[in-house]
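Asker: Taken in order, these protein sequences are the chains called A and B.
Numbering-wise, our numbering puts 109 at position 109 of the first sequence, and it's gapless, one number per residue.
Numbering-wise, our numbering puts 100 at position 100 of the second sequence, and it's gapless, one number per residue.
Keep in mind that the hints are not guaranteed to be accurate.
[Unchecked claim] So the derived list for chain A, only partly shown, Cβ under 10 Å to chain B, looks like this:
id, residue
1, G10
2, Q55
3, I61
4, T63
5, E87
6, D97
7, R115
8, K117
9, F174
[Said to hold, decoys possible] Ranges between beta-carbon positions, derived for each pair:
id, chain 1, residue 1, chain 2, residue 2, range
10, B, I7, A, E13, 20 to 30 Å
11, A, P81, B, P36, 44 to 54 Å
12, B, I7, A, N169, 25 to 35 Å
13, A, S15, B, F174, 28 to 38 Å
14, A, L165, B, S23, 36 to 46 Å
15, B, D183, A, E180, 23 to 33 Å
16, A, R163, B, D183, 38 to 48 Å
17, B, R45, A, K70, 52 to 62 Å
18, A, Q46, B, K181, 25 to 35 Å
If you are wondering where the hints come from, they were derived from the structure by calculation, not from laboratory data.
For every residue, glycine included, the Cβ atom is placed at its ideal position computed from N, Cα and C.
There are 2 protein chains.
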Amino acid sequence: MSSKQLIHFGQFEISDQVFHLSSLCYALVNIKPILPGHVLVIPYRQAKRLTDLTQEEVTDIFTTVQKVQKMLAKKYFASGPEVGKVEDGSFNIAIQDGKWAGQTVDHVHCHVIPRTKDSNEGDGFYRRLQGEEGNIGGGFWDQNRPVQEGKFPMIEDEDRKPRSLEDMNEEAAFFQKEMEKLDSHH
Amino acid sequence: MSSKQLIHFGQFEISDQVFHLSSLCYALVNIKPILPGHVLVIPYRQAKRLTDLTQEEVTDIFTTVQKVQKMLAKKYFASGPEVGKVEDGSFNIAIQDGKWAGQTVDHVHCHVIPRTKDSNEGDGFYRRLQGEEGNIGGGFWDQNRPVQEGKFPMIEDEDRKPRSLEDMNEEAAFFQKEMEKLDSHH
């Protein structure tokens, strides 16, 4: 958010990548989106597991998921000049609740992932959610990873490289405006 | 439930496979469990998409998911004679919201799937969630599928066969008792 408010996602401090602040949770663009528009909804309180959340947090998180879906549909389910609606596409909503379910940051987070006919590529999607591309904790960790300098720079594996902060921040700013538009229509 | 209350899951009428009735949603054992303990939490109202749900339904569904997790942990995360706790294992919580996300019954349903170290088999899990084993709609449909009788009985593909009603009902009765125990401890 432009206020540079500092928010925690597990051990990570984030600010510009947040695109929506609700009463008990926020929405964040993903460092390693599995598909375009893949975002996260996260309680401010660093609860590790879904069962740790209060009823108020549960309500705020999933009603925020609904709002985020409507916002994402406008962009990702648009056909030509038409603004997209939720019913024009699909979403995977997923919580990896604990490490054996693929959780890599010890702070409950709900994935919201737009799907269309074009993104329907069988098991590749799920493979990536559980694989290195779904390793959000690893992505944030890599941002501060020491980089070897000098004659033999470390060769980054292109497939594993998280996207740039600039890229995330631009997307977050765009989503933030779209969420505000959505709220103003109520 | 033993009351033989008739409940709808999309076009399907179900009764004995339901193991918990909450105010706005119920919990159902799965006809095609991807892993042991794979169950569904479903609003009574046949809303198709997550965004169709009221705030009250959202709250009831996800607080019911939390309760169901505690119940499942007792059984599936138990080590030896010890009763299991949520923190002893993990869960995949997932909604396939729309057909491009793998939804096969036009009635919102939230998957609750216990995971342990032993069930952590890489992409096989996700492949099956999106594949024929995750095709819940197909499973219910097959129950009423005409069966060829006589000399050349149709050969069932063992991998695709939904489990028996008896098996589901037994499990539902067990889970129902466990949910009641959990409630009585509050």
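Asker: Please go over all the hints and tell whether each is borne out by the structure.
Answerer: Right, here's what the structure says about each hint:
About 16 Å separates the beta-carbon of G10(A) from the nearest beta-carbon of chain B, more than 10 Å, and the hint is not met. For Q55(A), the interface hint holds, the least distance from its beta-carbon to any beta-carbon of chain B being 6 Å, beneath 10 Å. Interface hint at I61(A): satisfied, since its Cβ lies 8 Å from the closest Cβ of chain B, which is below the 10 Å cut-off. For the restraint placing T63(A) at the interface with chain B, the shortest Cβ-Cβ distance is roughly 6 Å, inside the 10 Å limit, so the hint holds.
Because the closest C-beta pair between E87(A) and chain B is about 7 Å apart, less than 10 Å, the hint holds. Restraint check, D97(A) versus chain B: the minimum CB separation of about 4 Å is within 10 Å; hint holds. Here the hint on R115(A) is kept, as its CB sits about 4 Å from the closest CB of chain B, short of 10 Å. Annotation: interface hint on K117(A) holds; nearest CB of chain B at approximately 6 Å, less than 10 Å.
Contact between F174(A) and chain B, as hinted, is not supported at the beta carbon level, the nearest pair being about 21 Å apart and thus beyond 10 Å. At roughly 46 Å, the beta-carbon separation of I7(B) and E13(A) lies outside the given 20 to 30 Å, and the hint is violated. Take P81(A) and P36(B): their Cβ atoms lie about 49 Å apart, and the range 44 to 54 Å holds. The beta-carbon spacing between I7(B) and N169(A), approximately 47 Å, falls outside the hinted interval of 25 to 35 Å.
Judged by the Cβ atoms, the range 28 to 38 Å given for S15(A) and F174(B) is violated: they are separated by roughly 48 Å. For the pair L165(A) and S23(B), the beta carbons lie near 45 Å from each other, so the given range of 36 to 46 Å is met. For the pair D183(B) and E180(A), the supplied restraint of 23 to 33 Å is violated, since their beta-carbon distance comes to about 42 Å. Judged by the Cβ atoms, the range 38 to 48 Å given for R163(A) and D183(B) holds: they are separated by roughly 46 Å.
The given range of 52 to 62 Å is broken by R45(B) and K70(A), whose C-beta atoms sit roughly 20 Å from each other. Between Q46(A) and K181(B) the beta carbon distance is about 31 Å. The supplied range of 25 to 35 Å therefore holds.
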